[in-house]
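> Could you slot chain B onto chain A? The hints should help.
Order-wise, the sequence lines are chains A and B.
Under this note's numbering, the first residue of the first sequence is numbered 869, with each subsequent residue one higher.
Under this note's numbering, the first residue of the second sequence is numbered -3, with each subsequent residue one higher.
Note that these hints are calculated values from the structure, not bench results.
Be careful, since some hints might not be right.
Below, in silico cross-link-like pairs of lysine-lysine (DSSO-like), each with a Cα-Cα straight-line distance of 27 angstroms or less [as the list claims (entries may be wrong)]:
#	chain 1	residue 1	chain 2	residue 2
1	B	Lys142	A	Lys1067
2	A	Lys938	B	Lys142
3	B	Lys103	A	Lys1067
To give an idea of the chain B side of the interface with chain A (calculated C-beta under 8 angstroms), a few residues [to be verified]:
#	residue
4	Asp207
5	Gly229
6	Ile232
If you want the footprint, here are the derived chain A segments under chain B, 3+ residues with CB under 8 angstroms [unchecked claim]:
#	segment
7	955 to 961
8	1057 to 1063
9	1067 to 1080
Cβ atoms here follow ideal geometry from the backbone N, Cα and C, with glycine treated the same way.
As a plain string of letters, each chain reads:
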Amino acid sequence: MKALILFVLLMGGALPATPTAMVEIPAGEFIFGNAEFSTQSKPTASLPMFWIDRFETTNAGFAKIFPEHKFPNGADLHPATGMTWSEAAEFCKRSSKRLPSEAEWERAARGEMGLLYPWGDRPLKGKPHPFISGLVKRRVGYQKKDVSPYGAYGMAGSVWEWTASREGDKIIARGGLWNLHLDYEFSKTYEKILQAPDKGFSFLGFRCARSP
Amino acid sequence: MINRRNFIAQGWSALLIALQTWRPRKAAAEVDYFTGTEYVGKTRAGRYRDFYINYWKTMRRIDAERWTLQVGGLCEQPGSFRLEDLRALPQKTQTSRLKCVECWSAKAQWTGFHFSELERRVKPLPNATGALFHCGDEYLEFADLKSLRHPRSLFAYEMDGEPLTDEHGFPLRLVVPFKYGYKNPKAILKVEFVEEAQPGTWSRIGPYSTDGTILPGHDHPLDRGKIRRRIFGGEIRD
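One chain only, chain A, in its complex shape:
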């Protein structure tokens, strides 16, 4: 009995294991942003350790908390989109998580070395395929090369992602595809778009983060 109590106490006092389906992002300084848009030649930031979802939130996952969320048959594992910023934040909150800040999102995407893309500094040889949908949705993690140094998928492609950070009255979203007529491009790890928090779009989803 004593041994069992000791085991429980030890487990309770130990650092929590990485939550399921999340990746651990270690504490430290990293290159944040791009010199082109900064007064510093190598802008940096420092963050404590946190976790971030390995994949974007899926339709099936989102519908567990928002049952009114409708999606086409067979799209269970596609990234959920169309939600407002508040809905995304509420989902994370009810999952005992939160939206990542812009800095956290970037740190998770580019690692300590300040990579331009999650996989390195050069674009992939093949451009992202627009598929016939034009919205470039496939199951989360579909593009296996689009993976960050910490194992987070879809941070340069797939859909754009709400963050917790603001710029003026707009919310900063990160990491989706740029549409150039019939061509698509992966976004760089420091690129962003700004959207009004009350808007939902077919190209905009999210993933959650969590602190220890």
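Showing chain B alone in chain A's frame:
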């Protein structure tokens, strides 16, 4: 062996080939095929350099006297409306930018009426999720009810304070500024309420989404010298 006669003959041949194949690119893009004819179609000529005209097929100009808007499909009170009937509806004016999926965009002031006015009169059935637009150039496009009911969507019969020209979609066009131009059908003949979303003309033949929401990417605004700029998706407000 090259003699004088061969040399001249070969020279003429080379010149003819060169004349057949050489085209000044800009001039070729600005040939005006339709002004003064009874037809209208795709053009970038003359004043349309500032607001390109795309049509699916070249079509005969629509006769205002004979045109009525047919509204049918899944609705309680199908009907037809003359242009003067539509002009009598509560009027709405807005300035918005038309963004083409080809990357250019252009801005105009549009006047017309909101979908709610039409909806009130024809009463779509509960199982209708959207409407198909049948156009004079045989173009077909779908719009869901949510987009049609959006406060920025508009059925337009005027552009910049003047009646729509044939080129810009006389007598009636749909303006949905948060969707690409191919979701803004022109020269509308018929609105048909339907139960299921379906791809329109371009979505059937190309990699264009049925949804048609403007995505983050590039824009080349014609009114700003086509200078490339980033856009963040959804309606372009400036």
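> Taking the numbered hints from earlier one at a time, note which ones the structure violates and give those numbers from smallest to largest.
6, 7
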